[in-house]
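Whenever a hint applies, use it, and build me the whole structure from the sequences.
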Amino acid sequence: MTDHIVILGGGTGGAVLANDLADRLDAELEADEVRVTLVNDGPDHVYKPVWLYVPFGEREPADGRRPLDELVDDRIDLRIDRVTDIDTDSQRLRMRDKTSLSYDYLVLATGSTLAPDEIPGLAEGGHDYYSESGAETLREELLSFTEGHIVLSVIGTPHMCPAAPLEFVFMADDWFRKRGLREDVEITYTYPIQRVHGNPHIAEWARPIMDDRDINVETFFNAESVDPEANRLTSMEGTDIDYDLLVGIPPHRGVDLVEEAGLGDSGWVEVDQHTLEAENADNVYAIGDTADTGAPNAGSVAHYQAGVVGRRLASDIRGRPATATYEGKTLCFVETGMDSASFVEFDYENPPSPVPPSEKIHWAKLAYNESYWLTARGLL
Amino acid sequence: MTETDIQPTETVDARGSACPGPLMDLIGKIRAVEPGDVVLLLSDNEQSLTDVEEWTNEAGNELLAVEEEDDHYAFYVEKA
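Read top to bottom, the protein sequences are chains A and S.
Going by the numbering used here, the residue at position 137 of the first sequence is 137; the numbering climbs one at a time, nothing skipped.
Going by the numbering used here, the residue at position 45 of the second sequence is 45; the numbering climbs one at a time, nothing skipped.
The hints are simulated quantities; they were obtained by calculation from the structure and are not laboratory data.
No more than 20 Å apart at the CA atoms, straight line, and that leaves these computed lysine to aspartate or glutamate pairs for EDC-like: (1) LYS178(A) - ASP339(A); (2) LYS329(A) - ASP347(A); (3) LYS98(A) - ASP85(A); (4) LYS29(S) - GLU54(S); (5) LYS29(S) - GLU78(S); (6) LYS360(A) - GLU58(A); (7) LYS29(S) - GLU224(A); (8) LYS29(S) - GLU118(A); (9) LYS329(A) - GLU270(A); (10) LYS29(S) - GLU62(S); (11) LYS29(S) - GLU270(A); (12) LYS29(S) - ASP265(A); (13) LYS29(S) - ASP117(A); (14) LYS29(S) - ASP256(A); (15) LYS29(S) - GLU237(A); (16) LYS98(A) - ASP41(A); (17) LYS29(S) - GLU259(A); (18) LYS365(A) - GLU60(A); (19) LYS178(A) - ASP214(A); (20) LYS178(A) - ASP212(A); (21) LYS29(S) - GLU53(S); (22) LYS365(A) - GLU58(A); (23) LYS29(S) - GLU58(S); (24) LYS29(S) - ASP44(S).
Derived coverage of chain A by chain S (criterion: at least 3 residues anywhere in the stretch with Cβ under 8 Å from a Cβ of chain S; other residues may be distant): (25) 187-196; (26) 236-244.
To give a feel for the contact side, a few chain A residues facing chain S, derived at Cβ under 10 Å: (27) THR157; (28) PRO158; (29) ASN199; (30) PRO200; (31) GLU224.
Just so it is clear, CB atoms sit at the ideal spot from N, CA and C, and this is done for glycine as well.
Below you can see the structure in the form of structure tokens.
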């Protein structure tokens, strides 16, 4: 009998896992004891961290996009298709073309989607750098922006890359200073809770930097609506902010399939935060943004979780107890300007402690972004 | 802490979520319900004791009651 592992989603988690399994299960793949299928609804793998740099003219969206068939090992069956239904009882996926695909093990790595329509006026009045098209449009706005009020509003969590909103305002501050425009540009940052970041240690580190650099802060600000004609952002708490350029971090959701399959709310799969096994179905794992673990929605998390699930699946396939667990490991570089950055490493038990920003760490971040393609190939 | 017979319109079970998960879950649910509706938040995070009250005060919603159960807290919040 051949065990069939199906990975749904070809982002960081899915690509890393596919290549991990190709290597780890080499003998079993060779002997036809197992086969691995990676399903993605498009031909490309997209490395989203590139988008942060697009509005500042530092990168192009194409820099973050490569064909999956160039990244994924030849021993993996790559299927470009869209899944329309997950039946966890019969362990079967229905595809868009009405065919079906059965699995013995399913790994959901479907990631985040943006839901700007949940906030009236946001799609019309706001810009973002959480999509290729959003980053490109924001670039056009930012490059011609010479005076006025930029408001970055974090609208709901979880969202991809929790550090990126801080990075954006730090970079914008530095970018306008270096161009001699900062005195004419006011920058305001809003956050839903009583501090500037969900993690209290990162918030405690970031707040003094924001104060030093004249970045206005509005906390307990949950955007309720945007009036694109009046250029006004209104919060649930009753605060209005007038803007000239609104950069919104839109509400995020997982894919509908997850909720329809009864695996979790809002597209996030309820999992054991250590084993990454779905709570509501057998033989189903989730990794990356899709897994509701409480860990950040970050590429490093998806990367480490893919390694854990790869080891657990190999144990399952070989009939051994699965002992590998995810302990919340997260690594993030945090840009603090156009040529300086900090770095944090933390897990479920050990909180982050950002290191002093330096140019070296900034270059380390850019170097990693270039070498990311080795990560996607399972080599780094 | 009081025993209450308030009937919530919606319940958010955020037990097991780390800070600020419970507060964000509450805010998300308050966003979705109608004025006058009551949301019951279940949280086992101690930080919720201060987070929830601070936010409800800030947003003008009313924290009707907080109950201490065996292994979690129950917050009843009415949307203004």
